[in-house]
Each structure stands twice: as structure tokens, then as C-alpha cells.
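**Student:** The chain contents come next:
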Amino acid sequence: MTFKAWSNVLGGFHRPRLIRHALRDFERGSLAFGMIEDLLKTASAEIIGTQVSLGMRFVTDGMLDWHDIFRPFVEAWRNVYPDGLLRYFDNNFFYRIPVFKEEPEPSKLVLATRIRAFKELAEPANFKVVIPGPLTFTLLSKNESGLSKEELAKSIAKVLNMELKEAVSAGALAVQIDEPIVIDPYIELDDINLLSDLTKIVFDGVEAFKILAIYFGVPKKEVYKKLIDLKVDSISLPLIENPKNFLDLIKDFGVGDKIPILGVINTRNIYDDNYDLVKNIVKKSVDIIKPDEIGLTTSSWQDLIPYRYSLRKTVILGEYAERLSRELGFDYINPLSIV
Amino acid sequence: MEEFKVPKKFPTTVVGSYPKLDPAPEILRKLRKKELDEKDFHELVRPAIKKVVDDYLWAGIDIISDGEQSREDMVVYFAERIKGYTVGDWVRIFDNTYFRRPVIFDKVEWTSPMTIEDWEYARSISKKRPVKAILTGPYTMVEWSFDLYYKDRKEAVLDIAKVIRKEVEEYLRRGVKYVQVDEPALSTRPWREDAELVKEALEIIFRGVQAKRVIHICFGRLERILPYILDYPVDQFDLEFKNSDFRLLSYLKEYSFDKELGYGVIDVHSLQIENIDEIVKDIEKLMKLDIIGPEKIYIDPDCGLKRLPREIARAKLRNMVEAAKIARERW
Ligand SMILES: [Zn+2]
Numbered sequence: 010m011t012f013k014a015w016s017n018v019l020g021g022f023h024r025p026r027l028i029r030h031a032l033r034d035f036e037r038g039s040l041a042f043g044m045i046e047d048l049l050k051t052a053s054a055e056i057i058g059t060q061v062s063l064g065m066r067f068v069t070d071g072m073l074d075w076h077d078i079f080r081p082f083v084e085a086w087r088n089v090y091p092d093g094l095l096r097y098f099d100n101n102f103f104y105r106i107p108v109f110k111e112e113p114e115p116s117k118l119v120l121a122t123r124i125r126a127f128k129e130l131a132e133p134a135n136f137k138v139v140i141p142g143p144l145t146f147t148l149l150s151k152n153e154s155g156l157s158k159e160e161l162a163k164s165i166a167k168v169l170n171m172e173l174k175e176a177v178s179a180g181a182l183a184v185q186i187d188e189p190i191v192i193d194p195y196i197e198l199d200d201i202n203l204l205s206d207l208t209k210i211v212f213d214g215v216e217a218f219k220i221l222a223i224y225f226g227v228p229k230k231e232v233y234k235k236l237i238d239l240k241v242d243s244i245s246l247p248l249i250e251n252p253k254n255f256l257d258l259i260k261d262f263g264v265g266d267k268i269p270i271l272g273v274i275n276t277r278n279i280y281d282d283n284y285d286l287v288k289n290i291v292k293k294s295v296d297i298i299k300p301d302e303i304g305l306t307t308s309s310w311q312d313l314i315p316y317r318y319s320l321r322k323t324v325i326l327g328e329y330a331e332r333l334s335r336e337l338g339f340d341y342i343n344p345l346s347i348v
Numbered sequence: 019m020e021e022f023k024v025p026k027k028f029p030t031t032v033v034g035s036y037p038k039l040d041p042a043p044e045i046l047r048k049l050r051k052k053e054l055d056e057k058d059f060h061e062l063v064r065p066a067i068k069k070v071v072d073d074y075l076w077a078g079i080d081i082i083s084d085g086e087q088s089r090e091d092m093v094v095y096f097a098e099r100i101k102g103y104t105v106g107d108w109v110r111i112f113d114n115t116y117f118r119r120p121v122i123f124d125k126v127e128w129t130s131p132m133t134i135e136d137w138e139y140a141r142s143i144s145k146k147r148p149v150k151a152i153l154t155g156p157y158t159m160v161e162w163s164f165d166l167y168y169k170d171r172k173e174a175v176l177d178i179a180k181v182i183r184k185e186v187e188e189y190l191r192r193g194v195k196y197v198q199v200d201e202p203a204l205s206t207r208p209w210r211e212d213a214e215l216v217k218e219a220l221e222i223i224f225r226g227v228q229a230k231r232v233i234h235i236c237f238g239r240l241e242r243i244l245p246y247i248l249d250y251p252v253d254q255f256d257l258e259f260k261n262s263d264f265r266l267l268s269y270l271k272e273y274s275f276d277k278e279l280g281y282g283v284i285d286v287h288s289l290q291i292e293n294i295d296e297i298v299k300d301i302e303k304l305m306k307l308d309i310i311g312p313e314k315i316y317i318d319p320d321c322g323l324k325r326l327p328r329e330i331a332r333a334k335l336r337n338m339v340e341a342a343k344i345a346r347e348r349w
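Heads up: the protein sequence lines correspond to chains A and B, in order.
Quick note on numbering: our numbering labels position 292 of the first sequence as 301, and the sequence is numbered without any gaps.
Quick note on numbering: our numbering labels position 45 of the second sequence as 63, and the sequence is numbered without any gaps.
The hints are simulated quantities; they were obtained by calculation from the structure and are not laboratory data.
Ideal placement from N, C-alpha and C gives every residue a C-beta, glycine not left out.
Some clues are possibly wrong.
[What the hints assert, rightly or not] Simulated restraints on C-beta separations:
#1 171(B) - 332(A): 26 to 32 Å
#2 146(B) - 251(A): 51 to 57 Å
#3 44(A) - 290(B): 34 to 40 Å
#4 292(A) - 171(B): 22 to 28 Å
#5 265(B) - 338(A): 49 to 55 Å
#6 269(B) - 30(A): 43 to 49 Å
#7 265(B) - 242(A): 36 to 42 Å
#8 76(B) - 283(A): 52 to 58 Å
#9 302(B) - 37(A): 41 to 47 Å
#10 158(A) - 26(B): 43 to 49 Å
#11 302(B) - 197(A): 26 to 32 Å
[Said to hold, decoys possible] Below, a list of computed lysine to aspartate or glutamate pairs in the EDC-like style, where the Cα atoms sit at most 20 Å apart:
#12 169(B) - 281(A)
#13 172(B) - 250(A)
#14 306(B) - 276(B)
[As the list claims (entries may be wrong)] Simulated coverage check for chain A against chain B, where a stretch passes if three residues somewhere in it have a Cβ under 8 Å from a Cβ of chain B:
#15 88–99
#16 305–314
Chain A with its partners taken away, still in its complex shape (with noise of 0.2 Å):
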């Protein structure tokens, strides 16, 4: 049997040299903002270009002037703003908490102009949007609404909405919500029923490839079975991190009707991922899953790496892709050889 696999990263890049000097350069008030615009363009289309050129099927911008996941949106809706530093989780990397003193709402949109500014540079690829799942952005922030967790939860979906849609009409033919708290060990599965919520809300009359990415560690088997009954085209699982852990909980529940993203290549070290640990991973998944299509990724962003790290598991992403497609004989889409 033959069946679609295909590769995407799944979220941002570490920045480079440029970007890092040209913020830094910003924030000293030694450099204009127009200046900077440019030079993200600059940057971004490398990333791009490096994406596109690996035969990715879907690319992301790279969101380079992403200060963490949160900040763009945060900084874009009234009611809301970034407080102190808190840890993201076991990284060595540290977010600032949002504190939403009344419902969110937008005063302007973050992700549509991204696309129409980059959306060209990707093809013939397809640009994917990646945004902050509602239950990790709720969880992981300050309720001073004075809403309950629920009401902020669901507030905030609805707004993610707004730029999912206009996401997709800017040209977005993929969208992905990223909820890394669902393998928080301690996670209530009350949280969990409230993503069930949560998802159909976010991508409600989003007429897109949906995903759930979830990275960072493994979910626990409760919560697994809940993620694979949710409304998503296709769920993103960092098998890298822990295969076996993974590969029981794929063997024990399967992966529902969604289509598996198999993040195999370990975007939180700087190794050269083992090629034959790799595809044993992916062979042992398609032989239990057995399914129509796959997709191949990172396990998780690639901005806890440095900057040349990230474009170099880029490069084995698609290297590694592309040679187990031959090796397992999977009919691998490369939006460059498509004619």
C-alpha cells in the first residue's frame, strides 16, 4: 500500500545575527522601525527560501520578531498587556505572562498582513499559520478579568478566530494551534473537555488545513484519547522526544480520523538526528497506524537553537523526508516537482 507523506516545519526560527542587532538597535532608538520592517523581510525570506527549497509542503515566515507566542496578540488587543518573565516550560526560555483585565479585543489583526507580505515568497509551497492554542494561552496567563477561566477561555478563541479567518482569506492555506500545557503532567481534564470547546470555537467557518501541534513532552493517556476526538484535520505529536512513550499511546488509541504529523527530528539539541533511529520511528508509526497520509516535522519550534541550528535541522528535515519516502516507498509531495 503507498499512501501521501509529506514534511513541514512546525513553527518559528531562532533569529539571526541581523535581526538580533537590528532589535537591539531599535529598542536603543538608533535605528528607525521601517528600517527594521525591511530587514525581517530580508531574513524572512531566507527562512522561507530554505523551506521552500527542502520540498516542504507547508512554510511559515519564521516569525522572527516574535518576542514569545503570546506577544504578537498580546500586544495587538486592548484589555491585555505583558507582565513579568515566566519560565516556558523546561526551557531555558522565558515568557511574559499576559494579564487580561477585561474580555480581549483586537485593535488591529497580526497574521493577514504577514501573509499577504510573504505569501508569494513561499510558493510554490503553502504558507501555514501557527498561533498559540486558546486552553495553553488562557492557562498560561493572569486572570484579572474577572471573567471565569471558561469565559476568558472562550474569549480569547473567539478572537483567535477573527485572525484565522482573515488568516485564510489573506491566503493562509494552513492553520495551526499550538497547545503545548495539554502534556503538563497535572493537567485537569476538565481543561481538556474545555479544549473540545475551545477547538470547535477557534476554527469555527475556518476553511483551512487544520492542526493541533502539541510539543514538549508526552500527554498523559486521558488526555491523549480526549486530543484525538478533537475537531482538527490532522494532529502534530513530537515523537522524537520520547518514541516509545508515543508509539504505546499510538498502539493502545490510534491517532482517530486525523491525518499524523510525526515530529522526528529534535529541534530542542544541536545533533545531527540519527537517520536509522528516525525511520525506525517512522516505520514502527505508519506499520500501527496504517494510514492514507503522513506529514513529517520538528518536535518542536526551532528558536531554542541557535539561528544556524535551525536552518540546519531545516535541511534534515527534508533530507530525511525525502529519503525515507524512497526507502519506505511513500508517494512524497514536493510542491517543486509538482508540475
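Got chain A; can you put chain B with the ligand on it based on the hints?
**Tutor:** Below, chain B with the ligand alone, put in the same frame as chain A:
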């Protein structure tokens, strides 16, 4: 000069880091560009340490630190001085701030004292107040590096523990009274296996040490690791409480905690200055539970103050000291 007496009840202290004060940022830049050697570097950073110590004295802190003015980052600083490490490429920590995430490329070895000079200088100007020796723990060193040499994490952690042990011996020779090991990475992976690995490392670092042995852990799932760490070979646990709204307190009670406690009452992630009343009330929360007596309670911030503006950091410390004075009267 007369010996400074650390109060018997509710002594005040700091976790370690302080905002980088001039000329530390410039000196660090020069060191990075290799325009300075190690000796000159420590000489030139002294004015910054002096300012930190002055702030501590002004606030009235009993057990102080050198403010970690030489440390660009708690992991990088040691990695630059431990053989077998190389300093890597820039990786973001937050916003547009980066650290050079170190890479282990060979077996690690201690070669010469890494932190002693700054500590000795701080001690020389501390008006006899004790200065803590503060060392980044081996578990955190490994978790926040890229390892290209050890295939086994445990081996890497225990080897770095031996390096840190050598540094501790240097302190012991100089009569240190408080040795603190920082393991912030532990609370991000609240598993028994990880906690036990840290215990093994601490046994290497602290074996036979007569000075006060302190471990600092902060943020994350402290209550989850608590049962695994209570038998650590330390005298004091220095923990974050304020930021997590004192959630940990009931667990201390539950587990009959009976070591000394570094009680974090200052939120280092907030620009809001805790007022004296508020801090006294927060101390009361602990006292009401009747877990340990005031002679076992050290009042300090949740974590290092390095991310705060100086004015806010010192104002927070001043209020903390005032609150501790009130607590001494009351309990
Ligand atoms: Zn800390």
C-alpha cells in the same frame, strides 16, 4: 571591627543575582571580545560589586552575595571556566535577550577557582556580614547546555558535580559560612529520577562540608518534587513562595518539613514593590502553620533579582528587611 551578628530569628538574605550595575555590562562585553584577561576582568568589575554590596547594606540584608556581577548568565559563566565546555552560539532567553548556550565537547574538569575573587572582594567590603558562596548546580548546568560528549546524562551531571566540589573546597579553605547550590532546572522536570540524580550530585558536592549547605530551587512544580528532595544532604532549602501564592506551604506541613527554610517573600517577576505589611502577613502565613520555628526561617526573595530595575530591587529588599524586623518582635 566587631563581628556582625546574624539575627537568631528571621535572618534576611538574597538568592544571589542583582541587576547588572555599571561598569559590569561594559566589562563583560570587553571580556567577550577578549580585550581583557580573567584577572583584569575581576579587578575591573569590582565597582559594580561595590554598588551591589552598598545596596544590600543600605537595605540591611544580613547574609549577602556578590550580586553575580561577573556572570553574564548562571550557566555560561561556569561553562566558560570549566575545561571540556565550549561557549556556544546565541540562544534566546527572553524578548531580545540571549545567552550563549554552552556545549560540552569533552570530559569536564576543574582547573582553577572560578568564583572566589568576586566573593572575597564582596567579603572585604561587607562590614563583616557573611557572603554566600553561590554555585550553579550540575543538573542545571547539563540541562541548559548542549551535550555532545557524554552519552549519558547522569555521567555528565556527576562529573560536573565533582568540578563544583573542587570549587566548594576552595571556599572551605577560606572559611565560607554558607554555600548555596542553585538548581532551578529541577522544578521544570518534577520526576523522581531527576530528583534522585540531583541528590547523588549533592552528596558529592557537600560531603563532609561544615558550612551551611543550601539548595535553591524555584518556580515550576515545587510541590511535586518536594517528597523526593526532603532527604537531600543540605541544611536549608531556599524556595520560591510569593510568585506561586504560597501554594507550597500546605505541602511543607503535610511532609513535616523540618530543615531550615529560605522563605521567598519577594516576587522577582513583578515590578510591584511588596509593602511591609504585606510581607509581614506573608510571614504570618508560615508562622500560623507551626511548621518550623523562627530560628530556622531565612527571609529572602523568590529568586535572583537580576531582571528587575535596580531601584525596584533595592526598594523590595528594604521592605523585606523592615518586615523581618517586625516579625522578630512578633514571633
Ligand atoms: Zn531561582
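**Student:** At the C-beta level, are residue 302(B) and residue 197(A) separated by a distance inside 26 to 32 Å?
**Tutor:** 30 Å, holds
**Student:** Given the hint of 26 to 32 Å, is the C-beta distance from residue 171(B) to residue 332(A) inside that range or not?
**Tutor:** 29 Å, holds
**Student:** Taking the CB of residue 265(B) and the CB of residue 338(A), does the distance hold inside 49 to 55 Å?
**Tutor:** 53 Å, holds
**Student:** At the C-beta level, are residue 44(A) and residue 290(B) separated by a distance inside 34 to 40 Å?
**Tutor:** 35 Å, holds
**Student:** How does the coverage statement for the stretch 88–99 of chain A fare against chain B, requiring three or more residues with Cβ below 8 Å from a Cβ of that chain?
**Tutor:** holds (count 7)
**Student:** For the pair supplied as a hint, residue 172(B) and residue 250(A), confirm whether the alpha-carbon distance does not exceed 20 Å.
**Tutor:** It holds: about 18 Å lies between the C-alpha atoms, which stays within 20 Å.
**Student:** In this structure, is the beta-carbon distance linking residue 158(A) and residue 26(B) contained in 43 to 49 Å?
**Tutor:** At 45 Å between Cβs, range holds.
**Student:** For the pair residue 269(B) and residue 30(A), does the Cβ-Cβ distance stay inside 43 to 49 Å?
**Tutor:** This hint holds: roughly 46 Å between Cβ atoms.
**Student:** At the C-beta level, are residue 292(A) and residue 171(B) separated by a distance inside 22 to 28 Å?
**Tutor:** 27 Å, holds
**Student:** For the hint 52 to 58 Å, verify it against the beta carbon of residue 76(B) and that of residue 283(A).
**Tutor:** The hint (52 to 58 Å, Cβ to Cβ) holds, given that residue 76(B) and residue 283(A) are roughly 56 Å apart.
**Student:** How does the Cβ-Cβ distance of residue 265(B) and residue 242(A) compare with 36 to 42 Å: does it lie in that range?
**Tutor:** Given about 39 Å between the Cβ atoms, the range holds.
**Student:** Holds or violated: residue 169(B) with residue 281(A), Cα cutoff 20 Å?
**Tutor:** 14 Å, holds
Checked against the numbered hints above, the structure breaks none of them.
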